[in-house]
Amino acid sequence: MQENLFLYNSLSRKKEKFTAIKPPFVGMYVCGPTVYGDAHLGHARPAITFDLLFRYFQHIGYKVRYVRNITDVGHLESDADQGEDKIAKKAKLEQVEPMEIAQFYSDRYHRDMDKLNVLRPSIEPRASGHIIEQIELTQKIIDTGYAYVSNGSVYFDVEKYNQKYNYGKLSGRILEDLYSNTRQLDGQDEKRNSFDFALWKNASPEHIMRWNSPWGQGFPGWHAECSAMGHKYLGEKFDIHGGGMDLLFPHHECEIAQNTIAVGENSINYWVHNNMITINGQKMGKSLGNFITLDELFTGANKVLEKAYSPMTIRFFILQAHYRSTLDFSNEALQAAEKGLARLLKGVETLQGLKPSKENNFDAEKFRQDCYDAMNDDLNSPILISNLFEGLKTINSVATGSEKIDEKNLNILKETYNTFLFNVLGLKLENEDAGNNEMLEDVVNMVLNLRLSAKEKKDWATSDFIRDELTKIGIKVKDTKEGFEWEI
RNA sequence: GGUACCUUGGCCGAGUGGCUAGGCACCGGUCUGCAAAACCGGCUACGGCGGUUCGACUCCGCCAGGUACCUCCA
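Quick note: the first sequence uses the working numbering, first residue 9, plus one each step.
Don't read these hints as lab results, they were simulated from the structure.
Please read these numbers as outputs of a predicted model, since none were measured by experiment.
Mixed in with the good hints there might be a few duds.
Calculated cross-link-like contacts (lysine-lysine; reagent style BS3-like; alpha-carbon spacing at most 30 Å) [as the list claims (entries may be wrong)]:
| hint | residue 1 | residue 2 |
| --- | --- | --- |
| 1 | K466 | K401 |
| 2 | K291 | K363 |
| 3 | K199 | K97 |
| 4 | K315 | K23 |
| 5 | K71 | K199 |
| 6 | K240 | K354 |
| 7 | K401 | K291 |
| 8 | K291 | K436 |
| 9 | K168 | K240 |
| 10 | K412 | K347 |
| 11 | K291 | K374 |
| 12 | K412 | K489 |
| 13 | K315 | K363 |
Please model the entire structure based on the sequences and the hints provided.
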């Protein structure tokens, strides 16, 4: 097991050596999607980032329990007059059961993530399936005196909490500053202080999603689910909590406050946050309406897209930037990723066919170590990828005979590419579309064979005619030594 | 307004107090009947102004521009 993985901890604002609470086990909780719409490019970032971490942990020998929730209740709409539940609002609109909406979008979320080769988490709990746990959490906080009941709702007493603990330690905020700089929101009269947050919300008569509780019918507050489910499945103390940077405040700050009262201080060791994907320099987000769904990316069905991009192109694009940097979307960048990935995968194919020599002028062990070093340094996937591109030079040089590699080094090289490109980065070969239309394939091959015999007779007019006509239809012909290749 | 962060070559994107990341594009070469593809090679950038230093893209200060969070958001 590698023992020198460093991760950036949002809590300490620096890279820290990762030490598991109970090796070889690792408990990791990541904030998942609110299922009331299709997943967009922004959702792919945390999914892929924590998939990378999940995969790497496993590769270096940890047994990971990875919990990623599905939020199907609890989030309020800020723009709605009465604070309707997001899921419920959508349900009314489409005249279906709220759970139908949640199911529909969960399924689509899974479909998109599967395409991106994101591994399913070990446990994927739903907020609606853990109402009891959230009620228990709320009761526990009331019992300790850090929450109060008001009008059938329960609020966390941030002011009181802050006297003993530090509210704002994760996001670097100071409560006094927050008071002076916040704007007035509706429905604040139930609260003692504006920064108190709901553990449980009283449901208005028209609110569809509601459950019985000691405080009347209602639904859980915004931050309760992660605390309740995280600790249920990972214990009072666990290793990692992840999510997008936009959740740092207030979501994760509130979670820390809840956890501190409910299970004790420092219940989570490492807080890991991925940065945002931007478009034209601005955050891609639901509320800004500037998002592109993954489905649109895969099919090309969005005006801003010049073409469709395959799931692996999206994955590679995201991995080519470090997870804590913003990543700017553009067609140009995506196309660059697409070409780069294709070259990399081609190189791996070449690698499989390399023959070892007696001589050797490549240090594969150093190469392998460089790859581990990149990952150990806070999951530096861009550096890892650049290493893999560097290795391509050797692969191609060996293939053309200008460099030599012996069996031992060749085996290490193969193993390194296999490990990092496929297992750790989670990339895979994509089946070409042509494969699912056998008749087309046969026809094109036949035509190109005709062209080949024309070429043998040096009948350039015919051979160029065939190529030009195929190009017009949209089939790109590439001549090779053995004959030809083509793609649509 | 408060807090934090960012500004790297045509584009994307790493990183470092001295040792040209990488990808894409572009240019040259090899190959090819031609072309494409592939491969090889070239392309030496770090917002502005000061300061610290033998030396700064890297540290400090100021300025400019941008972003995020402060409300649901990955």
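Item to check | Hints violated by the structure (listed by number, smallest first) | outcome: Hints 1, 2, 4, 5, 6, 7, 11, 13 contradicted; others consistent.
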